Amino acid sequence: MRRRQFVAAAAASTVLAPLGARVLSAAPPPQAITPALIEAAKKEGKVTYYTAMDLSVAEPMAKAFEAKYPGIKVAVERTGAERLFNRIGQEVGSNIRRVDVANSSDAAHFIVWKRQGWLEPFLTPDMAENLAADQRDPDGAFVNQRTHLSAIAYNTRMVKPEDVPKGFVDLLDPKYSGKLVKGHPGYSGTIMTATQQLAKALGWEYFEKLSKQKVLQVQSATEPPKRIEAGERAIAVDGSDYLFWMAKERGAPIEVVHAVEGTPQVSNPMAVFKASPNPNAARLLVGWIMSPEGQEFIVNVSGQYPANRLVKAKAGRPALASIKTLPEDPLEVEKTADEIKTRYQRYFKV
Amino acid sequence: MTRNFDLSRPVLAAVAALLAVMIVLPVGWLLVVSLTGKDGGITLANFVALFTDPTFVDPLITTLIIACSVSAICCLVAAPLGWLVARTDMPFARTIRTLVMASLVTPPFVGAIAWEMLAAPNSGLLNQLWRLLSGMPPDEALFDIYSLGGLIFVISCYTFPYVFILVANALDRMPGELEDASSMLGAKTWQTARLITVPLALPTLLAGALVAFLQALNLFGSPAILAIPAGFHTLTTRIWSLFQFPPKPELAAAASVPLLVLTVLLLRAQAMALGRRGYAVLGGKYGAPRPIRLGWLRGPAVALALFVLAMPLFLPYAALFNSAFSRVASRIVGPETITLHNVKFTFLELSSTMPALKNTFLLATASATLGALLALLIAYIVARKAVRGYRVLGFLATAPLAIPGIVLGVGLFLAYTRPPLALYGTLWILLIAFVTIELPAAYQQLGSAFHAVHPELEEAGRMLGATRLRTLADITAPLLRSAVIATWCFIFVATIRELSAAVILFTSETKVLSVLIFDLKESGDVGAIAVLSLTMVAITTVVIAAANRLHARPQSRAA
Chain A
1 MRRRQFVAAA
11 AASTVLAPLG
21 ARVLSAAPPP
31 QAITPALIEA
41 AKKEGKVTYY
51 TAMDLSVAEP
61 MAKAFEAKYP
71 GIKVAVERTG
81 AERLFNRIGQ
91 EVGSNIRRVD
101 VANSSDAAHF
111 IVWKRQGWLE
121 PFLTPDMAEN
131 LAADQRDPDG
141 AFVNQRTHLS
151 AIAYNTRMVK
161 PEDVPKGFVD
171 LLDPKYSGKL
181 VKGHPGYSGT
191 IMTATQQLAK
201 ALGWEYFEKL
211 SKQKVLQVQS
221 ATEPPKRIEA
231 GERAIAVDGS
241 DYLFWMAKER
251 GAPIEVVHAV
261 EGTPQVSNPM
271 AVFKASPNPN
281 AARLLVGWIM
291 SPEGQEFIVN
301 VSGQYPANRL
311 VKAKAGRPAL
321 ASIKTLPEDP
331 LEVEKTADEI
341 KTRYQRYFKV
Chain B
351 MTRNFDLSRP
361 VLAAVAALLA
371 VMIVLPVGWL
381 LVVSLTGKDG
391 GITLANFVAL
401 FTDPTFVDPL
411 ITTLIIACSV
421 SAICCLVAAP
431 LGWLVARTDM
441 PFARTIRTLV
451 MASLVTPPFV
461 GAIAWEMLAA
471 PNSGLLNQLW
481 RLLSGMPPDE
491 ALFDIYSLGG
501 LIFVISCYTF
511 PYVFILVANA
521 LDRMPGELED
531 ASSMLGAKTW
541 QTARLITVPL
551 ALPTLLAGAL
561 VAFLQALNLF
571 GSPAILAIPA
581 GFHTLTTRIW
591 SLFQFPPKPE
601 LAAAASVPLL
611 VLTVLLLRAQ
621 AMALGRRGYA
631 VLGGKYGAPR
641 PIRLGWLRGP
651 AVALALFVLA
661 MPLFLPYAAL
671 FNSAFSRVAS
681 RIVGPETITL
691 HNVKFTFLEL
701 SSTMPALKNT
711 FLLATASATL
721 GALLALLIAY
731 IVARKAVRGY
741 RVLGFLATAP
751 LAIPGIVLGV
761 GLFLAYTRPP
771 LALYGTLWIL
781 LIAFVTIELP
791 AAYQQLGSAF
801 HAVHPELEEA
811 GRMLGATRLR
821 TLADITAPLL
831 RSAVIATWCF
841 IFVATIRELS
851 AAVILFTSET
861 KVLSVLIFDL
871 KESGDVGAIA
881 VLSLTMVAIT
891 TVVIAAANRL
901 HARPQSRAA
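Heads up: the sequence lines are chains A and B, in that order. Counted from 1, the first sequence has number 221 at position 221 by this note's numbering; the numbering is strictly sequential. Every number in this note's numbering is 350 more than the matching position in the second sequence, counting from 1.
These aren't lab readings, by the way, just hints derived from the structure by calculation. Every value quoted in this text rests on a predicted model; they were computed, and no experiment measured them. There could be a bad hint or two in this list.
[As the list claims (entries may be wrong)] Here are the simulated DSS-like pairs of lysine-lysine, each with C-alpha atoms no more than 30 Å apart in a straight line:
no. : chain 1 : residue 1 : chain 2 : residue 2
1   : A       : Lys248    : B       : Lys694
2   : B       : Lys861    : B       : Lys708
3   : B       : Lys708    : A       : Lys209
4   : A       : Lys73     : A       : Lys160
5   : A       : Lys175    : A       : Lys324
6   : A       : Lys214    : B       : Lys598
7   : B       : Lys598    : A       : Lys212
8   : B       : Lys694    : A       : Lys73
9   : B       : Lys861    : A       : Lys46
[Claimed, not checked] Beyond 12 Å from chain B on every Cβ pair, some chain A residues (computed):
no. : residue
10  : Pro70
11  : Phe85
12  : Arg115
13  : Leu243
14  : Tyr347
Beta carbons are placed, not taken as given, at the ideal position from N, Cα and C, and that holds for glycine.
Excised from the complex, chain A in its bound form (with noise of 0.2 Å):
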């Protein structure tokens, strides 16, 4: 199953080579959390986390951590990634420290990163040991946090049993305009990561009907599963299937439905950032979160599945293997990123 499931960073970390960004031959030993590394981050006192994940889970997270090493405080700064992407370029690019730790649903971001030299490889013990050689950078850049995958989903009380779409061609079914909500490449990693995936399966052709089915157009994958549990929209043709999965644990009258084309996978890379302002409090939080502490807590409150190999799945939720998903490919993405983004637009006007 993990071969399978990550092919998507490994296939980005062989192609690294090539573009001349490898400047370490290696992954730099690891460091282990050390008490003088915990004094250190407790002097720091703060630490500053970029995240594109729903902030249902990343704020009881960042209490969690809280709470484990109390005396420093995480500021969670949640946007799309192709937001946090900008936001981050442009601090950076003025000289503005504030981002310590960046955690997208953007592969490919982490690659231009390295590439800039932005990224500060680092690797725990327990990562170097616990996280397949697909689940991290060769080089310790970066390495996946978690994986979701962008789904369709429907409200049950407003899709008729005989009416569930099996997959992304049902959905161009006239029957369907007017009643789908989607998210935006533009903003969203998530999307943009699905968009590559189902424009290489489908062609664009599939985007341009889409287009024409009054799509109710929001931006953030994190926004279909409200619409959808709301009633605004009967059926979301993506998303961030751990909030559809949450909210129907939470009794809301939402299903998954994984098509038949295949669904999209999206690894969330996560890196230290080179000019972070608190060194030792982001090493501190990598480290934790990638523990099996933390992948355990991103498991219990989301099922989102988990990249350190001692932790398991949620149970109840589809195992990862079972799931037909698409390719991912971080690098075609970071290729062509600003074409997706011009083409989507060209069809969905906005």
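Got chain A sorted already, so can you dock chain B onto it with the hints?
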């Protein structure tokens, strides 16, 4: 004017320099960048690229349609309402006037979010209610807020109060004798209205129409919230989208120029329209206008006024309160479903809340203080013609009116992300933006206040040997106290609700409340938005109430 040396010269130099930093530099950079090609040479290529690109031309046309419609709707609503309040014996006229002005406290983007809760085609509370009452099938909607019409409606809701205030104030001042004469000559009530009142009010209405047009033209928040889900852009959202990755500042700068030019032209037109108003007041003292008796129409009139007020005020706040205490905004909260989840999340979990509140409060206080002082100084210099070149200061203080918030944001970004003043990433750049945006209104308020203070009082002070600044501090300032407090409040409130410049200029560390709400909007966290919006409005209301206790007249102005 005296030749004695005092501090006035350096102060004046400082004011002029400050205005240059605030206005000349950003606009200058905007123009330079819009004319710069990829090779660094001067070119019109950016403009050619824009005007041949349908993704820019379409928003331009859409924006003009919106601005014209909003302008027409605002006049159609504000004129009768203003007339009812100012010239008739409608019950509760004073309360209604206060409530219309109070609706201006609502930031337009918060209003837009509240209207999403009310009139989203499927989950909107009004649509659900209508389905319940009429049995309308689930796929149909009475209102669809995600449409051009929906956007026009919501912008109108938060724009008509400006027109209303202008019209009501003008009708207050209009001499009653002319109407009396008309009725004495045998004209019926409605004939008098048609022949006397309407023509006299027309220039004001025209000015109001232009104010509404400008508002609609330059608004960013409401279109960002309603137009993008519906699949179209306006000019401001398009400019903003050019700032998203990969940022194209040269195109954003070029796209800002039409907005700038249009605004300048309209302001000229507005000045002309307001200038003509002079003929209405012929001099001499007039009696207070006699209220027109509505008779049996009093009931319907007050019902109409309350119906209008439901749009910007009662309905949106009901929706905000509902979703603040509800798990899902599309469900009416009941005794069993009421929850403090959103309140807890916003204040205990959301780590951006406290920094954003702190930044907002700090910036609003600093902007209000600095802005009121600056406006006071400039108004003084201009009113007393204290130095040569005072007209330039007056012009510069009014000029920002012509700069839409988002355009100023782009200009400041271009000017202050480079040396010598790399202010981007600090609160200073936001302070400059807010003070600049609010300066014209503040300057106009204090300018008119200065006309009420006799120069003789100041001259007496000067003759007794006080310097100009001393005179200003000891004599003029106390006399202007209430006007200054009103101006301070005005800037404070306006700063708290500013979004269009802030959304371009903020960084993660300098995030303000309006930007935080916008961020939350993009991820659909409506519960937290409702809590934050209500907090924002509560703070604003408390500040206004506190200022009222300082015996200041609350003022709301069209700006």
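Exercise. Any hints from earlier that this structure breaks? Give me their numbers in increasing order, please.
Key: 3, 4, 11, 13, 14
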